[in-house]
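First to last, the sequence lines map onto chains A and B. Going left to right, the first sequence walks through residues 1 to 648 as the numbering used here numbers them. Going left to right, the second sequence walks through residues 1 to 78 as the numbering used here numbers them.
If you are wondering where the hints come from, they were derived from the structure by calculation, not from laboratory data. A quick note: this is a predicted structure, and the numbers were derived from the prediction, not measured.
Lysine-lysine pairs mimicking BS3-like chemistry, simulated, CA-CA at most 27 Å apart:
(1) B:K51 - A:K341
(2) B:K51 - A:K326
(3) A:K314 - B:K51
(4) A:K633 - B:K45
(5) A:K326 - B:K45
(6) A:K9 - A:K296
(7) A:K115 - A:K98
(8) A:K326 - A:K3
(9) A:K383 - B:K51
(10) A:K63 - B:K45
(11) A:K285 - A:K9
(12) A:K219 - A:K235
(13) A:K184 - A:K149
(14) A:K219 - A:K125
(15) A:K314 - B:K45
(16) A:K210 - A:K106
(17) A:K633 - B:K51
(18) A:K39 - A:K9
(19) A:K320 - B:K51
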Amino acid sequence: MLKTQRMTKIKIIGAQEQLPLTVEIIHKLKLMHLLDHTKTEELDIGNPIGESERISGLLVKSKSLLSSFGVSDIKKENVSEDITEIENKIKKIAEESKESDNLIFKLNDNISKKKIILDQLNILKYLNFDSDILKPYNYLDVFIGTVTKNEGLESALSKITHKLSFASSVYADKCFVGVLAPKKHYNKIFTLLQQHGFNMVEFSDLSEHKGNPKEHIHKLSISIDLLEKDLSHAKEQQKEFAVENAGFLAGAIFYLTKEAEKSQAPLRFAETKYAFIIEGWVSSKEYNLLKKELEKKTNHRVHIEILPISETDKIPIVMKNMFFVKPFEFFMHLYTLPTYKEMDPSFFLFVTFPFFFGLMLGDVGYGFLTLILFSLLWWKMPKARNLLTAMMLCSVLTIFFGFVFGEYMGFESVSEHTGEFLMQYGIPLHQETIHGEVVYSFPRLMNRLHGEVNVLGNTLPTVLIIGVLLGFLHVNLGLFLGFINEVVSHGFKHAFFAKISWYVLELGVALVALSGLGMIPFHIGIGLAVIGIAAIMLFIGEGVQGLVEIPAIFTNILSYLRLGAVGLASVGLAVVVNEKLALPFMERGGVYIVVAILILILGHAVNIALGIIGPFLHSLRLHYVEFFSKFYKGGGIPFVAFGEDKET
Amino acid sequence: MVAEITTGVGYVALAAALAFGLSAIASAIAEKAIGTAAVGALAEKEELFGKGLILTVIPETLVIFGLVVAILILGLVG
Chain A
1 MLKTQRMTKI
11 KIIGAQEQLP
21 LTVEIIHKLK
31 LMHLLDHTKT
41 EELDIGNPIG
51 ESERISGLLV
61 KSKSLLSSFG
71 VSDIKKENVS
81 EDITEIENKI
91 KKIAEESKES
101 DNLIFKLNDN
111 ISKKKIILDQ
121 LNILKYLNFD
131 SDILKPYNYL
141 DVFIGTVTKN
151 EGLESALSKI
161 THKLSFASSV
171 YADKCFVGVL
181 APKKHYNKIF
191 TLLQQHGFNM
201 VEFSDLSEHK
211 GNPKEHIHKL
221 SISIDLLEKD
231 LSHAKEQQKE
241 FAVENAGFLA
251 GAIFYLTKEA
261 EKSQAPLRFA
271 ETKYAFIIEG
281 WVSSKEYNLL
291 KKELEKKTNH
301 RVHIEILPIS
311 ETDKIPIVMK
321 NMFFVKPFEF
331 FMHLYTLPTY
341 KEMDPSFFLF
351 VTFPFFFGLM
361 LGDVGYGFLT
371 LILFSLLWWK
381 MPKARNLLTA
391 MMLCSVLTIF
401 FGFVFGEYMG
411 FESVSEHTGE
421 FLMQYGIPLH
431 QETIHGEVVY
441 SFPRLMNRLH
451 GEVNVLGNTL
461 PTVLIIGVLL
471 GFLHVNLGLF
481 LGFINEVVSH
491 GFKHAFFAKI
501 SWYVLELGVA
511 LVALSGLGMI
521 PFHIGIGLAV
531 IGIAAIMLFI
541 GEGVQGLVEI
551 PAIFTNILSY
561 LRLGAVGLAS
571 VGLAVVVNEK
581 LALPFMERGG
591 VYIVVAILIL
601 ILGHAVNIAL
611 GIIGPFLHSL
621 RLHYVEFFSK
631 FYKGGGIPFV
641 AFGEDKET
Chain B
1 MVAEITTGVG
11 YVALAAALAF
21 GLSAIASAIA
31 EKAIGTAAVG
41 ALAEKEELFG
51 KGLILTVIPE
61 TLVIFGLVVA
71 ILILGLVG
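With the hints as constraints, model all of the structure from the sequences given.
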């Protein structure tokens, strides 16, 4: 439970002919974590087996096709395991997809060309010109284009010559003009037009649209409409095609990725001309299974041996916990995995994380609401199930502490009227008089908001004291675990000086404090001497760094004050929502009750959101910073079995 | 219950407010710098989320201490 899975380092040696089969078996069993061979003079890395290049090519092609389809929510299909069949189908899909791309491109091109002509014909129509006017004349110049200002243009033109024809019209929010005039006045007219911001229209070849533009416009509009219908039809078909084939492509990508993994695996092995060597890790309890399978399927043609584990080996980690501790492995992945020699702290997270969370949030109502919320999310988000299972346990502890504190959505008590009503249904409330008012309080073991204890003449909230006491226990548990870890990795002597010294230090500080307060009949020097011994032990165990960290242990313990403080802040906010914001409206009655209900919903929603984030982060931080720093180093690498499914 | 508010009580309330408020500002300033760096690191390497989150909430201790001190100060007036 506290140890990670024990591992065995193995070496598989065989002749080249056995390589494809060996890779196939290891890939299928998913039991082995491969070690990459680094090239040396004697042993080169291997070459890809099978049709590595063909597979990679197909993989790239199918990935690019799938991404061009832009289909979301794909259901992966099972594909046949025949590469040629897959290749043919991918080719067919690529061809059809290209065809439909081409069709859409052509239609788009055609439509845009027709639209340009339609636009030009419209200009002629608005200027009341025939399209014949555009053909070259011997004696006349034709100017058709937009101007920025139209005022006075016609009269200015008539001053140049009377022998001209002028037309102007507004089309598509632009002012168009058309001028026909004898060629000899070209320069004058052009200069004048330019002064009016003239911009000539470049007409395309309108020889197919001779005569009155009106008829052509009608015909063109109809043909554009038809083309656009074709286009939307083609796009729809393309989409249908994409949806139809996305499943196959996703399946093909999945299959090809596996094949590529297998065919490129020898790049990670050592190879000679005639033999190969595979090194890797397998969990000790599955070693025999792997060995038996390999020997059976290769007819004992490969040799498997166990290698000794050296100090420098980075052993891959598989955490091994009971099913109810499993979800808490999530927090270890979030931080860092334990190393092989260290203990896996998931179990301690399972015990204390929900406990701290519940202690901080501690409200029956909030507990049930968050439990419902996390259960819903559990159904909706299969990927986050580990975290959500852990959070559901946190909610259960929140409900538990809600009963301990007697808090229900921030209410500690109800009014006399409501109280008497609830008593009829057997709910055990007890009558109290607070500030001269009779109220009925919920049953509780301790009062979080008002409970106080007297410590050395100071009145302090009870929850804060509970927090510090828990902190003391938690940090010391951490030190004890640190002691065990050190014994395993560095021997008893080092462990004694590095970790037991902290206990001695705590004892010294306690002696100094108690004798200083006159509670024990010792001289204060005894306590100081114990602290001195602790400091020397620390120096031997952890060097100067240990001495520097002496104050840290006390701030670490005081840090657990947050167990009470965060809870007080949360219940404080709930009380404000209930009594200061909603109650005044409630008392006015009528429509104001609706307002009060809205305030309650909104206020508690905000408080629950804060109540999830706050206790979650603080509880996590107490573990990562205060608890783990006493014993946990981490830095393990995850065990990745060759052949394991990867998310694509 | 309307406690008689004397100048002394007023000062105590002010002291509590300062203890809490100033420590909150201090936390915010410290978290700002760490948070910025953490987001930067996340952009490079997403696996650092856990560590970044924890580093960011480390100065949160300041405000907790501030709250505790404020409660202690308020305890003076009962």
